[in-house]
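> Fit chain B to the given chain A structure using the hints.
Each chain, written out:
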Amino acid sequence: MNVVVWWFVLMFAAWILAALILWTTNLVVPDEDDEE
Amino acid sequence: MSSVAVWSWIFLIASIGLFVALGYVGMTRTKNADDFAVARSSYGPWVLGLAVVATTASGSTFLGIPGLAYSVGFSSLWYPIVYPIGIYMGMLLTAKLVRTVGDKFGNRSIPEFVGQRYDSDFLRVGLAIVSLLLMFYITAQLVAAATLFQTMLGVGYITGLLVTAVVLLIYITMGGSHADILTDAIQGLFMLALAVGVAVLFFVGAGVEGGAGAVNAAVAEKNQSAGWGTLFNPEDPVTASAWLVFLLFVAHLPFGVLPHIGNKFMALNNARQMRTFLMIVIVAGGILPMIGLGGILGAAVLGQNVTPDAVIPTLFTELFPPALAAFLAVGILSAILSTSDGLVVSISQILANDLYRKTFAGSETPTEVVERNSLWIVRVGVFLALAGAVAMSWNPPEFLAILLWIGIGGIVSGMAGPILIGSLWRRANKTGAIASFIVGVVGYALIYTGSLDLLGVDGNPFAAAGYSVMIASAVMVIVTLLTRPMPEEFVNSIFGERRGLGRAQSPAYSRTSAHDPERSGGTSS
Numbered sequence: 001m002n003v004v005v006w007w008f009v010l011m012f013a014a015w016i017l018a019a020l021i022l023w024t025t026n027l028v029v030p031d032e033d034d035e036e
Numbered sequence: 001m002s003s004v005a006v007w008s009w010i011f012l013i014a015s016i017g018l019f020v021a022l023g024y025v026g027m028t029r030t031k032n033a034d035d036f037a038v039a040r041s042s043y044g045p046w047v048l049g050l051a052v053v054a055t056t057a058s059g060s061t062f063l064g065i066p067g068l069a070y071s072v073g074f075s076s077l078w079y080p081i082v083y084p085i086g087i088y089m090g091m092l093l094t095a096k097l098v099r100t101v102g103d104k105f106g107n108r109s110i111p112e113f114v115g116q117r118y119d120s121d122f123l124r125v126g127l128a129i130v131s132l133l134l135m136f137y138i139t140a141q142l143v144a145a146a147t148l149f150q151t152m153l154g155v156g157y158i159t160g161l162l163v164t165a166v167v168l169l170i171y172i173t174m175g176g177s178h179a180d181i182l183t184d185a186i187q188g189l190f191m192l193a194l195a196v197g198v199a200v201l202f203f204v205g206a207g208v209e210g211g212a213g214a215v216n217a218a219v220a221e222k223n224q225s226a227g228w229g230t231l232f233n234p235e236d237p238v239t240a241s242a243w244l245v246f247l248l249f250v251a252h253l254p255f256g257v258l259p260h261i262g263n264k265f266m267a268l269n270n271a272r273q274m275r276t277f278l279m280i281v282i283v284a285g286g287i288l289p290m291i292g293l294g295g296i297l298g299a300a301v302l303g304q305n306v307t308p309d310a311v312i313p314t315l316f317t318e319l320f321p322p323a324l325a326a327f328l329a330v331g332i333l334s335a336i337l338s339t340s341d342g343l344v345v346s347i348s349q350i351l352a353n354d355l356y357r358k359t360f361a362g363s364e365t366p367t368e369v370v371e372r373n374s375l376w377i378v379r380v381g382v383f384l385a386l387a388g389a390v391a392m393s394w395n396p397p398e399f400l401a402i403l404l405w406i407g408i409g410g411i412v413s414g415m416a417g418p419i420l421i422g423s424l425w426r427r428a429n430k431t432g433a434i435a436s437f438i439v440g441v442v443g444y445a446l447i448y449t450g451s452l453d454l455l456g457v458d459g460n461p462f463a464a465a466g467y468s469v470m471i472a473s474a475v476m477v478i479v480t481l482l483t484r485p486m487p488e489e490f491v492n493s494i495f496g497e498r499r500g501l502g503r504a505q506s507p508a509y510s511r512t513s514a515h516d517p518e519r520s521g522g523t524s525s
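Line order of the protein sequences matches chains A and B. Take 1 as the starting number for the first sequence in our numbering and just add one per residue. Take 1 as the starting number for the second sequence in our numbering and just add one per residue.
Hints in this document: simulated from the structure, not taken from any laboratory. Hints are not guaranteed to be accurate.
Label pairs and their calculated CB-CB ranges [claimed, not checked]:
| no. | chain 1 | residue 1 | chain 2 | residue 2 | range |
| --- | --- | --- | --- | --- | --- |
| 1 | B | 360 | A | 9 | 48 to 56 Å |
| 2 | B | 363 | A | 26 | 33 to 41 Å |
| 3 | B | 32 | A | 9 | 43 to 51 Å |
| 4 | B | 209 | A | 10 | 25 to 33 Å |
| 5 | B | 368 | A | 12 | 34 to 42 Å |
| 6 | B | 384 | A | 9 | 41 to 49 Å |
| 7 | A | 19 | B | 25 | 30 to 38 Å |
| 8 | B | 376 | A | 13 | 47 to 55 Å |
| 9 | A | 19 | B | 424 | 13 to 21 Å |
Some chain B residues near chain A, calculated using beta-carbon distances under 8 Å [said to hold, decoys possible]:
| no. | residue |
| --- | --- |
| 10 | 74 |
| 11 | 81 |
| 12 | 228 |
| 13 | 229 |
| 14 | 272 |
| 15 | 274 |
| 16 | 275 |
| 17 | 279 |
| 18 | 283 |
| 19 | 286 |
| 20 | 383 |
All C-beta atoms in this analysis are idealised placements derived from N, C-alpha and C, irrespective of residue type, glycine included.
Pulled out of the complex, with its shape left as it was, chain A reads as follows (with noise of 0.2 Å):
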């Protein structure tokens, strides 16, 4: 694999990584009991 190749390749695995992140963990929204 090239460096562009693998440009693309991490790229695109660091998106869905923060994709599931983002939307499946409490990692960046505050939780609700915070929230008043």
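What follows is chain B alone, placed relative to chain A:
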């Protein structure tokens, strides 16, 4: 005057007029010192996402990364591949706490947030003072802007320097963070357009027949190790091996909470929009560094007699009609201004907020007096920061790149433990954070200057930062485990109650009686 220069003048005057107009809009939205500092809860995820991405990518990124790609070849692209992943993954880990604590206590800066997280004046003042090293970062941007004016418009270096500083002075003094964010969002759009355009040029192989494969063939023909078959080039100190690329990633993890970037989390209009905001940042932030592909295309099209940092301007002049080539000047100026303006706001906050409001004002000074003085000091601070940066840029220090990375590397190393580890780990305590901060800053200086000889550091600031981030993080964990936890009530006031415990929050640290009761200010609370 060449036709490119004429078009560049037209575009630059138009865009500068737009930025100043946005500064005026920012001024109409700035009613108090809190507005000036963070534009709290004022912008949606798209505007703020573009602003954060634009702030993160500097003029050095837009000129330096293609320059490196032009000189070294494909293997240097590990830098633009890895740094956005490091920065934006780091943001995922830290954004929530910066935002929730910022909202709760009215924090106006990253040093203030860190002081709040650990109930420590030492950490707030220490980080604020270390953050003054960001002056070298502003200086590097002004030097890049003056050089841009010199090469694309044919005006003198000093004239370019003063024009850039005056434009920044006008729109930031007027609108503070509002002006910073509004202009950055527009600048981010220009930068994205430029990066996407350059990536398309690379993939269609503009100037060489046959697409990206032909670009690679042309580059490899001139220099075998520059082709895409070489994954790691031992001649490039930054990306010579997979280990150094990993250190590059680690070094950038705390970058997204540098004072001029992390303060923008507080400007998001609704904390529940954080998901959309961060996704926009991660996607757009991954695309922007593709400007680096222009350096490779330059190596294929232009031959080897171009100054590396000038490769993109030279490429555009070669490939495009003057009007289109001149748009490049707007893109690059946008990259420079969008980083400089955030830095200037952050430096002025160090004076007005971290040092005056939180440290010297004293609890007996009436709140309205403190607020009035803060707004006055912050505007004087903008002038002082820019005047200082102009003075340093007048005759750029010979070792500006080194000074720049002593600043950034020192700050990221000092912040790694307190912010990265401290955002994820409730147990992280004040003693651990102070030890980690000191070891990070001092350790970075020792490693970077070669006093501590570690693998791959020679001439490579990213490796030095990668090592010191890891060492400082380890110190944070070890010292915390060896010392007493912070009081549970205090930890709850920062992170909220643990689910299921059902204990009432202690009034000692509650929203209304935080350490600086009447000073928390803010328009949103």
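> Work down the list of hints and note, for each, if the structure agrees.
Hint-by-hint comparison with the structure:
{"no.": "1", "hint": "360(B) <-> 9(A): 48 to 56 Å", "in the structure": "holds, 52 Å"}
{"no.": "2", "hint": "363(B) <-> 26(A): 33 to 41 Å", "in the structure": "holds, 36 Å"}
{"no.": "3", "hint": "32(B) <-> 9(A): 43 to 51 Å", "in the structure": "holds, 48 Å"}
{"no.": "4", "hint": "209(B) <-> 10(A): 25 to 33 Å", "in the structure": "holds, 29 Å"}
{"no.": "5", "hint": "368(B) <-> 12(A): 34 to 42 Å", "in the structure": "violated, 52 Å"}
{"no.": "6", "hint": "384(B) <-> 9(A): 41 to 49 Å", "in the structure": "holds, 47 Å"}
{"no.": "7", "hint": "19(A) <-> 25(B): 30 to 38 Å", "in the structure": "holds, 33 Å"}
{"no.": "8", "hint": "376(B) <-> 13(A): 47 to 55 Å", "in the structure": "holds, 49 Å"}
{"no.": "9", "hint": "19(A) <-> 424(B): 13 to 21 Å", "in the structure": "holds, 20 Å"}
{"no.": "10", "hint": "74", "in the structure": "holds, 5 Å"}
{"no.": "11", "hint": "81", "in the structure": "holds, 5 Å"}
{"no.": "12", "hint": "228", "in the structure": "holds, 4 Å"}
{"no.": "13", "hint": "229", "in the structure": "holds, 7 Å"}
{"no.": "14", "hint": "272", "in the structure": "holds, 6 Å"}
{"no.": "15", "hint": "274", "in the structure": "holds, 5 Å"}
{"no.": "16", "hint": "275", "in the structure": "holds, 4 Å"}
{"no.": "17", "hint": "279", "in the structure": "holds, 6 Å"}
{"no.": "18", "hint": "283", "in the structure": "holds, 6 Å"}
{"no.": "19", "hint": "286", "in the structure": "holds, 5 Å"}
{"no.": "20", "hint": "383", "in the structure": "violated, 36 Å"}
When the structure is compared with the earlier hints, violations turn up for hints 5 and 20 and for no others.
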